[in-house]
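Asks: Using the sequences and the hints given, assemble the complete structure.
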Amino acid sequence: MRGTTKRRVGSTKDEYAIRLENVCKAYTVGIPALDDVSLHVKKGEFVFIVGDSGSGKSTLIKLLLRELVPTSGKIYVNGMDLVRMKRHNIPKFRRRLGVVFQDFRLLKDRNVYENVAFAQRIIQMPNREIRKNVPAILSVVGLAGKYKAKPKQLSGGEQQRVALARALINKPDLLLCDEPTGNLDPKNSWDIMNLLDKINSNGTTVLVVTHNREIVNAMQKRVITMKKGIVVSDEEEGEYIDED
Amino acid sequence: MRINTLFYCLGQGIRNIFKNKWFTLASIATISACLFLFGLFYSILQNFQYMVKTAQEGVSVTVFFDEDISEARVEEIGEMLKRRVEVRDIQYVSADETWENFKEEYFGDTDYAEGFTENPLADCAHYDIYMNDVSMQSTLVTYLEALDGVSRVNRSAVTAQMLSGVNSIIGYVSIAIIVILFAVSIFLISNTVTIGISVRKEEIQIMKYIGATDFFVRAPFVIEGMIIGFIGSLLPLAAIYLLYNQAMLYVAERFPYLSQLMQFLDVNVIFQTLIPVCIGLGVGIGFLGSFTTVRKHLRV
Numbered sequence: 001m002r003g004t005t006k007r008r009v010g011s012t013k014d015e016y017a018i019r020l021e022n023v024c025k026a027y028t029v030g031i032p033a034l035d036d037v038s039l040h041v042k043k044g045e046f047v048f049i050v051g052d053s054g055s056g057k058s059t060l061i062k063l064l065l066r067e068l069v070p071t072s073g074k075i076y077v078n079g080m081d082l083v084r085m086k087r088h089n090i091p092k093f094r095r096r097l098g099v100v101f102q103d104f105r106l107l108k109d110r111n112v113y114e115n116v117a118f119a120q121r122i123i124q125m126p127n128r129e130i131r132k133n134v135p136a137i138l139s140v141v142g143l144a145g146k147y148k149a150k151p152k153q154l155s156g157g158e159q160q161r162v163a164l165a166r167a168l169i170n171k172p173d174l175l176l177c178d179e180p181t182g183n184l185d186p187k188n189s190w191d192i193m194n195l196l197d198k199i200n201s202n203g204t205t206v207l208v209v210t211h212n213r214e215i216v217n218a219m220q221k222r223v224i225t226m227k228k229g230i231v232v233s234d235e236e237e238g239e240y241i242d243e244d
Numbered sequence: 001m002r003i004n005t006l007f008y009c010l011g012q013g014i015r016n017i018f019k020n021k022w023f024t025l026a027s028i029a030t031i032s033a034c035l036f037l038f039g040l041f042y043s044i045l046q047n048f049q050y051m052v053k054t055a056q057e058g059v060s061v062t063v064f065f066d067e068d069i070s071e072a073r074v075e076e077i078g079e080m081l082k083r084r085v086e087v088r089d090i091q092y093v094s095a096d097e098t099w100e101n102f103k104e105e106y107f108g109d110t111d112y113a114e115g116f117t118e119n120p121l122a123d124c125a126h127y128d129i130y131m132n133d134v135s136m137q138s139t140l141v142t143y144l145e146a147l148d149g150v151s152r153v154n155r156s157a158v159t160a161q162m163l164s165g166v167n168s169i170i171g172y173v174s175i176a177i178i179v180i181l182f183a184v185s186i187f188l189i190s191n192t193v194t195i196g197i198s199v200r201k202e203e204i205q206i207m208k209y210i211g212a213t214d215f216f217v218r219a220p221f222v223i224e225g226m227i228i229g230f231i232g233s234l235l236p237l238a239a240i241y242l243l244y245n246q247a248m249l250y251v252a253e254r255f256p257y258l259s260q261l262m263q264f265l266d267v268n269v270i271f272q273t274l275i276p277v278c279i280g281l282g283v284g285i286g287f288l289g290s291f292t293t294v295r296k297h298l299r300v
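Taken in order, these protein sequences are the chains called B and W. Residue 22 in the working numbering sits at position 22 of the first sequence; the count goes up by one each step and never skips. Residue 43 in the working numbering sits at position 43 of the second sequence; the count goes up by one each step and never skips.
Calculated directly from the structure, the hints in this document are not laboratory data. As the structure is a prediction and not an experimental result, all values here were calculated from the model. It cannot be assumed that every hint is accurate.
Stated by the list, open to error - Below, simulated BS3-like cross-link-like pairs (lysine-lysine); rule was C-alpha separation at most 27 Å, straight line:
#, chain 1, residue 1, chain 2, residue 2
1, B, 148, B, 132
2, W, 296, B, 92
3, B, 148, W, 201
4, B, 227, B, 42
5, B, 92, B, 74
6, B, 108, W, 21
7, W, 201, B, 150
8, B, 42, B, 228
9, B, 74, B, 227
10, B, 86, W, 296
11, B, 152, W, 201
12, B, 43, B, 92
13, W, 296, B, 108
14, W, 21, B, 152
15, B, 108, W, 201
16, W, 19, B, 150
17, B, 228, B, 74
18, B, 74, B, 171
19, B, 62, W, 296
20, B, 92, B, 132
21, B, 171, B, 42
22, W, 19, B, 148
23, B, 86, W, 201
24, W, 296, W, 201
25, W, 21, B, 150
26, B, 62, W, 201
27, B, 86, B, 62
28, B, 62, B, 43
29, W, 19, B, 108
30, B, 92, B, 198
31, W, 19, B, 146
32, W, 19, B, 152
33, B, 92, B, 108
34, B, 92, W, 201
35, B, 74, B, 42
36, W, 21, B, 148
37, B, 108, B, 146
38, B, 108, B, 152
Replies: Written out as structure tokens, the structure is:
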């Protein structure tokens with residue numbers, strides 16, 4: 001790992017939700033999007049990944065989702081080797097993840113209930129279980145009364161809660177959030193972050209990619225700072241470091 | 001796979017049909033138009049082939065025998081001919097029957113024939129040979145001419161060659177038209193499906209991100225495609241059925257002499273083949289179109 005790092009990693013593999021070993025990712029010839037990145041996230045941790053545009057945050061998320069494969073290096077998520085992973089095993093791997101995006105990515109033609117239930121349908125959960133689980137998770141995110149609403153009838157914050165409910169319903173080991181507050185006002189941003197904190201306190205590993213300085217500085221969590229494809233800082237209870 | 005997953009995919013497929021009305025209509029219209037043209041050409045070509053076949057069936061080769069041939073040898077030649085693959089049917093016409101036929105054809109109701117006290121065609125007993133395929137006529141004639149006891153072989157080489165040529169042309173034209181129609185159909189349908197599915201690319205990506213298998217994502221699209229293909233094949237079938245019957249009625253009423261000259265196939269005979277072929281093509285095109293187009297978006 002390059003740059004300033006105060007964390008030490010030396011435990012057994014099973015302790016980690018995420019392990020990156022000397023990962024490089026280059027899209028074309030020139031500056032790599034990720035350059036020899038090594039980082040480890042323990043199970044149950046809450047980690048912020050921060051950095052300006054072009055720092056490699058999005059590439060990192062895509063690699064962790066196995067949307068991309070690295071040019072070199074090794075990636076393990078939930079103990080699974082993503083580099084060697086066969087294409088047909090990707091769905092099984094993703095079912096153990098929860099993913100939240102900046103633009104919510106809800107199925108626009110389906111209501112709140114169906115959007116959340118969809119994550120259970122793909123794991124072939126029986127209908128009676130779905131009928132039990134969906135209202136329960138909607139209560140957790142505070143949307144029990146809006147299960148019939150279509151996404152366009154909801155505010156940005158509410159849509160993100162639906163996305164969060166969908167990410168959580170299959171009880172993932174790891175929750176990946178790519179700019180979850182990017183489209184939200186400060187109040188809704190804090191609501192979402194508090195929910196993520198609560199989810200983390202129940203044992204789920206949470207990795208949040210964000211630009212939100214106020215939240216990062218206030219939450220006093222581990223902060224990994226990236227710049228031009230390398231990790232420049234990795235601190236417990238860290239702060240958002242300005243590029244300048 | 002769980003039964004409720006199967007029903008879910010089926011339900012989603014049917015739901016998509018109504019959800020994406022314009023895409024559904026455009027796809028059905030495209031498939032219908034292509035299959036309508038296909039059905040139309042198929043019906044026309046089938047009729048042509050039927051007419052040529054009917055004409056071919058009337059073309060015969062006539063074999064005359066030596067004057068001193070025994071009846072046993074004539075029968076033997078008959079048995080040998082029946083065993084030939086190119087021979088569909090043979091008919092023995094005795095000298096007396098030949099004379100009767102001649103009189104009927106050339107003298108009609110007149111009494112000109114009464115002047116003949118003996119059969120002037122006494123040496124004209126013969127076999128009329130009808131063939132399965134007139135293009136093999138020359139092979140058969142060569143064989144016949146080499147037979148012991150055969151004095152002369154009459155054939156209609158020009159008619160046989162013409163019919164055989166027409167048959168070949170119809171075959172080539174059929175293949176060419178069908179190939180062109182298919183190329184156009186596949187191009188139009190894949191464009192329609194591509195446009196329809198690119199709108200839903202985001203939906204496919206979301207499904208993939210949250211762990212849906214390719215099958216789970218693809219199944220509703222494929223079911224939708226197959227239903228659209230099925231509906232798209234029924235419409236042209238109904239249209240061709242009505243059109244064909246109307247055309248037959250029109251020809252029979254307006255051009256009765258044409259009906260006497262040419263025999264058209266019954267609509268039911270054509271539809272015995274056209275229904276399964278059209279439905280198979282419609283469903284197959286729907287399946288392939290959706291299957292291959294969704295595949296492009298599955299690599300997420």
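Asks: None of the hints should be skipped; say for each whether it holds.
Replies: Structure-based check of all given hints:
no.	hint	result
1	148/B <-> 132/B	holds (16 Å)
2	296/W <-> 92/B	holds (21 Å)
3	148/B <-> 201/W	holds (24 Å)
4	227/B <-> 42/B	holds (22 Å)
5	92/B <-> 74/B	holds (19 Å)
6	108/B <-> 21/W	holds (16 Å)
7	201/W <-> 150/B	holds (19 Å)
8	42/B <-> 228/B	holds (25 Å)
9	74/B <-> 227/B	holds (20 Å)
10	86/B <-> 296/W	holds (18 Å)
11	152/B <-> 201/W	holds (19 Å)
12	43/B <-> 92/B	holds (19 Å)
13	296/W <-> 108/B	holds (22 Å)
14	21/W <-> 152/B	holds (20 Å)
15	108/B <-> 201/W	holds (13 Å)
16	19/W <-> 150/B	holds (15 Å)
17	228/B <-> 74/B	holds (20 Å)
18	74/B <-> 171/B	holds (26 Å)
19	62/B <-> 296/W	holds (19 Å)
20	92/B <-> 132/B	holds (23 Å)
21	171/B <-> 42/B	holds (17 Å)
22	19/W <-> 148/B	holds (18 Å)
23	86/B <-> 201/W	holds (23 Å)
24	296/W <-> 201/W	holds (10 Å)
25	21/W <-> 150/B	holds (19 Å)
26	62/B <-> 201/W	holds (18 Å)
27	86/B <-> 62/B	holds (16 Å)
28	62/B <-> 43/B	holds (20 Å)
29	19/W <-> 108/B	holds (12 Å)
30	92/B <-> 198/B	holds (26 Å)
31	19/W <-> 146/B	holds (22 Å)
32	19/W <-> 152/B	holds (17 Å)
33	92/B <-> 108/B	holds (25 Å)
34	92/B <-> 201/W	holds (21 Å)
35	74/B <-> 42/B	holds (16 Å)
36	21/W <-> 148/B	holds (23 Å)
37	108/B <-> 146/B	holds (15 Å)
38	108/B <-> 152/B	holds (7 Å)
Taken one by one, the earlier hints all hold for this structure without exception.
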